[in-house]
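**Student:** Sequence:
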Amino acid sequence: MFRIYACIFVVIVLALSACRGDLVEMERGNDGSGKRMRSYMMQSGDLNVLSQDYALPLSELIAKWNALADEAAIPEHRLSADQLHVDEGNGTFAYVFRSNAQLSGTIRRDGTIASMTYRTEDDPSMHVDMLMKWALVIAVTNLGILPNEVDRYFLQLDIGPNGQVSASAGKHVTINQGVYRVDKADGFYAFTFTKS
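The opening position of the sequence shown corresponds to residue 81 in the numbering used here, with each subsequent residue numbered one higher.
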């Protein structure tokens, strides 16, 4: 059976699967705020085991998100740096898309993302767009997700063929050390990533 979301996300995750390998933590130096930032580079080895320790720095969110959107040939899903609002005092960030959908979250003291929620109206004509953003949330917070893994996770969330999401509300799936949950309330869907 053909699943529309599998086709949509194949390009996104192919970029990640082509880079399959170990993660090596590297110090990037001081970012000007006194915090040490970390990044990961790919080397040969088993990515799935070591990617469990991956934590996405907020400073890398836009670059990683946009690289995945570009690889998937969906430039309309790119983020703009001037639209990302960060409240360091409260440890939060927020981004509003042109469609009024929102990407928001919390930041740990080390500058990594502790949680991230994509929230949008429940508009069936926008479900494919919504699922593309959900896939970007999964891909940007995990390294090396393969196409069959995204499909498997969406199946665990009860996302049906052709973008049917009505049965997914209240479901969650754990990927590496992150929990991804679908909620629906007051005519909105929220897809939340929480780093454990």
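The set of hints was computed from the structure by calculation and includes no laboratory data. Backbone N, C-alpha and C fix where the C-beta goes; we use that ideal spot for every residue, glycine too. Please note that the accuracy of each hint is not assured.
[Unchecked claim] Below, a list of computed lysine-lysine pairs in the PhoX-like style, where the Cα atoms sit at most 25 Å apart:
1. Lys275 / Lys251
2. Lys275 / Lys144
3. Lys275 / Lys264
4. Lys251 / Lys264
[As the list claims (entries may be wrong)] Across the chosen pairs, the derived CB separations fall in these ranges:
5. Glu156 / Pro204: 26 to 34 Å
6. Asp238 / Val166: 28 to 36 Å
7. His252 / Met206: 17 to 25 Å
8. Asp190 / Ala153: 29 to 37 Å
9. Gly169 / Lys264: 28 to 36 Å
10. Phe268 / Arg189: 12 to 20 Å
11. Ala249 / Ser205: 17 to 25 Å
12. Glu201 / Asn242: 33 to 41 Å
13. Ala143 / Asp190: 17 to 25 Å
**Student:** With a cut-off of 25 Å on the C-alpha distance, tell me whether lysine 275 and lysine 144 pass.
**Tutor:** Given that 25 Å is the threshold and the Cα spacing comes to 17 Å, the pair holds.
**Student:** Between aspartate 238 and valine 166, does the beta-carbon spacing fit 28 to 36 Å?
**Tutor:** Check passed, 34 Å falls within 28 to 36 Å.
**Student:** If you check the beta carbons of alanine 249 and serine 205, does the distance land in 17 to 25 Å?
**Tutor:** holds (19 Å)
**Student:** Lying within 26 to 34 Å: is that true of the beta-carbon distance glutamate 156 to proline 204?
**Tutor:** violated (19 Å)
**Student:** For aspartate 190 and alanine 153, compare the CB-CB distance with the range 29 to 37 Å and indicate the outcome.
**Tutor:** holds (34 Å)
**Student:** Is the distance from the Cβ of histidine 252 to the Cβ of methionine 206 consistent with 17 to 25 Å?
**Tutor:** Roughly 22 Å apart at Cβ, these two residues keep to the hinted range, so it holds.
**Student:** Within 17 to 25 Å or not, the Cβ separation of alanine 143 and aspartate 190?
**Tutor:** 18 Å Cβ-Cβ, so the 17 to 25 Å window holds.
**Student:** Within a Cα-Cα threshold of 25 Å, do lysine 275 and lysine 264 meet the stated pairing?
**Tutor:** Given that 25 Å is the threshold and the Cα spacing comes to 21 Å, the pair holds.
**Student:** Decide if the proposed pair is consistent with the structure: lysine 275 and lysine 251, CA atoms, cutoff 25 Å inclusive.
**Tutor:** holds (17 Å)
**Student:** Holds or violated: are the alpha carbons of lysine 251 and lysine 264 at most 25 Å from each other?
**Tutor:** The hint holds at about 10 Å.
**Student:** Does 12 to 20 Å hold as the CB distance between phenylalanine 268 and arginine 189, or does it fail?
**Tutor:** 30 Å Cβ-Cβ, so the 12 to 20 Å window is violated.
**Student:** Starting from the hint 33 to 41 Å, judge whether the C-beta atoms of glutamate 201 and asparagine 242 obey it.
**Tutor:** Roughly 19 Å apart at Cβ, these two residues miss the hinted range, so it is violated.
Violated hints, listed in ascending order, are 5, 10 and 12; each of the other numbered hints is respected by the structure.
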